[in-house]
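Enquirer: With the hints as extra help, turn the sequences into a complete structure.
Everything in the sequence shown is counted per the working numbering, starting at 202 for the first residue and increasing by one.
Fair warning: there could be bad hints in the mix.
Listed below are the simulated SDA-like cross-link pairs for lysine to any residue, each with C-alpha atoms no more than 25 Å apart in a straight line [unchecked claim]:
no.: 1; residue 1: Lys387; residue 2: Arg417
no.: 2; residue 1: Lys387; residue 2: Ala213
no.: 3; residue 1: Lys387; residue 2: Leu453
no.: 4; residue 1: Lys387; residue 2: Asp607
no.: 5; residue 1: Lys387; residue 2: Glu250
no.: 6; residue 1: Lys387; residue 2: Ala620
no.: 7; residue 1: Lys387; residue 2: Gly517
no.: 8; residue 1: Lys387; residue 2: Ala511
no.: 9; residue 1: Lys387; residue 2: Leu292
no.: 10; residue 1: Lys387; residue 2: Ala411
no.: 11; residue 1: Lys387; residue 2: Ala509
no.: 12; residue 1: Lys387; residue 2: Pro409
no.: 13; residue 1: Lys387; residue 2: Pro372
no.: 14; residue 1: Lys387; residue 2: Arg566
no.: 15; residue 1: Lys387; residue 2: Asp410
no.: 16; residue 1: Lys387; residue 2: Ser422
no.: 17; residue 1: Lys387; residue 2: Val606
no.: 18; residue 1: Lys387; residue 2: Ser621
no.: 19; residue 1: Lys387; residue 2: Pro399
no.: 20; residue 1: Lys387; residue 2: Leu397
no.: 21; residue 1: Lys387; residue 2: Leu256
no.: 22; residue 1: Lys387; residue 2: Arg263
no.: 23; residue 1: Lys387; residue 2: Arg253
no.: 24; residue 1: Lys387; residue 2: Cys402
no.: 25; residue 1: Lys387; residue 2: Asn289
no.: 26; residue 1: Lys387; residue 2: Ala512
no.: 27; residue 1: Lys387; residue 2: Gly454
no.: 28; residue 1: Lys387; residue 2: Gly249
Bear in mind the hints are in silico, worked out from the structure with no lab data behind them.
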Amino acid sequence: MDDYRRIADRIAVDIASGRLSPGQRLPPQRQFARRHGIAASTAGRVYGELVRRGLVVGEVGRGTFVRAAPPTAGGRALTEAHTSAPVNLELNYPSAPGQSELIAPALEALRRPDVLAEVLRPAAATGTGPAREAAAALLAAPGWRPDPGQVLFAGNARQAIAATLASLVRPGGRVGVEELTYPLVKEIAARLGIHLVPLPCDEQGPRPDALAAAHRRAPLSALYLQPTLHNPTSRTMNEERRAQLAQTAADLGTAIVEDRIWSFLRPGSTPLAAHAPHLTHVVDGLSKRVAPGLTVGFLVVPPERVTAVAAALRSGGWGAGRFALEAAVRWCADGTVERLVTAKRADAARRQRLVAEQLAGFTVRSDPQAYYAWWELPPPWRADTFAATAAAHGIAVTPGPAFAVDPARTPDAVRLGLASAREEALVRALRTLADVARAGPPVRAPGAPAPRTG
202 MDDYRRIADR IAVDIASGRL SPGQRLPPQR QFARRHGIAA STAGRVYGEL VRRGLVVGEV
262 GRGTFVRAAP PTAGGRALTE AHTSAPVNLE LNYPSAPGQS ELIAPALEAL RRPDVLAEVL
322 RPAAATGTGP AREAAAALLA APGWRPDPGQ VLFAGNARQA IAATLASLVR PGGRVGVEEL
382 TYPLVKEIAA RLGIHLVPLP CDEQGPRPDA LAAAHRRAPL SALYLQPTLH NPTSRTMNEE
442 RRAQLAQTAA DLGTAIVEDR IWSFLRPGST PLAAHAPHLT HVVDGLSKRV APGLTVGFLV
502 VPPERVTAVA AALRSGGWGA GRFALEAAVR WCADGTVERL VTAKRADAAR RQRLVAEQLA
562 GFTVRSDPQA YYAWWELPPP WRADTFAATA AAHGIAVTPG PAFAVDPART PDAVRLGLAS
622 AREEALVRAL RTLADVARAG PPVRAPGAPA PRTG
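Expert: Now the structure itself:
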């Protein structure tokens, strides 16, 4: 094994054992090199290896810091990981009052033996005619109504993203994304051998000139964007920016993957697909509208892309189950989805008011209709240290670096998922987090030995 990897292994052991604590700053690389009797270039490779493993975060002008929660050796699957924290503000699955009672009638109808025999058959990526019609009606938005013939189905929205990127981008290809992006997209890209290119953003999202500049440096095969209720910032692009980005992508001939999974909470915005229908692949799903345990992912793709994306869904094993498809058709037809969406919009608004009350005085970015909030922490807090301290109080939050595409530019912020906790537990958690933030980071006891670095 290379010497730099042996040294990285020793640092990894120190992190796993707690000798190097979350948020602790490693020494500058030249100092590290002198301490270990190695060249400065070798020290740089050690630090690079630790970043690659997800154990540390390098921040321009500040140094290299131990992350709060090193990933397991196998990495995460294409599902969100669970945590044992009593109050989980990482997972974000909304549940409306009376949800189970609303969902049950459609499932009862599917239990009839004659119906069950049919819905337990395999489903094609193209689903069924009624499913395509129902999905097209459900996904319609101002200025855009998808053609049912362009609708495909996946097991969930994450699988829809994976299949779309796999069909568009070869290993080694480049995909432009917002500077902060959905963490599962980072993992999907890593599994597919795709390089994510962070695009500089302003208050409206990625700048068209930044997109063009990134494409000039090396061609982008696709863009992955969340124009409505961006996760984690809750930002929604205005119509002018949507049109500008769509035109720039058209000029460059770059495909667009438009993630609209949270758009049901903020109706009224025109999808990118309306501006660039020949380039845009729309991803959506039922997990947030209905429930995560029995869900369907939707894809609306350009007509000439239907065959390629359907093939990617089949080869990846990402197709939807026929049972879930049939349930979705019934939920759409009997008004269940519409009633759940109405209830969840009201629920999200209530929870945002709780955030405004409990975190008053802090810098929190959100949208009154969103199910998450982006909390820019007060100095001297760092995101990983705050997340670790919150976990010690029984509260799981997502540190900002989880969303950062560039490991050298990580925000001192955390995302708060508001959907999963009960309201009374959410209030207590927010109050506790506010107290933690005001108290400041924990200080090592005087005279306590500093953790060694290898």
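Enquirer: With reference to the structure, classify each hint as holding or not holding.
Expert: Structure-based check of all given hints:
no., hint, result
1, Lys387 <-> Arg417, "holds (23 Å)"
2, Lys387 <-> Ala213, "holds (22 Å)"
3, Lys387 <-> Leu453, "holds (23 Å)"
4, Lys387 <-> Asp607, "holds (11 Å)"
5, Lys387 <-> Glu250, "holds (18 Å)"
6, Lys387 <-> Ala620, "holds (23 Å)"
7, Lys387 <-> Gly517, "holds (18 Å)"
8, Lys387 <-> Ala511, "holds (23 Å)"
9, Lys387 <-> Leu292, "holds (17 Å)"
10, Lys387 <-> Ala411, "holds (20 Å)"
11, Lys387 <-> Ala509, "holds (23 Å)"
12, Lys387 <-> Pro409, "holds (22 Å)"
13, Lys387 <-> Pro372, "holds (14 Å)"
14, Lys387 <-> Arg566, "holds (23 Å)"
15, Lys387 <-> Asp410, "holds (23 Å)"
16, Lys387 <-> Ser422, "holds (16 Å)"
17, Lys387 <-> Val606, "holds (7 Å)"
18, Lys387 <-> Ser621, "holds (23 Å)"
19, Lys387 <-> Pro399, "holds (11 Å)"
20, Lys387 <-> Leu397, "holds (7 Å)"
21, Lys387 <-> Leu256, "holds (16 Å)"
22, Lys387 <-> Arg263, "holds (24 Å)"
23, Lys387 <-> Arg253, "holds (13 Å)"
24, Lys387 <-> Cys402, "holds (18 Å)"
25, Lys387 <-> Asn289, "holds (22 Å)"
26, Lys387 <-> Ala512, "holds (23 Å)"
27, Lys387 <-> Gly454, "holds (23 Å)"
28, Lys387 <-> Gly249, "holds (18 Å)"
In this structure, none of the earlier numbered hints is contradicted; all agree with it.
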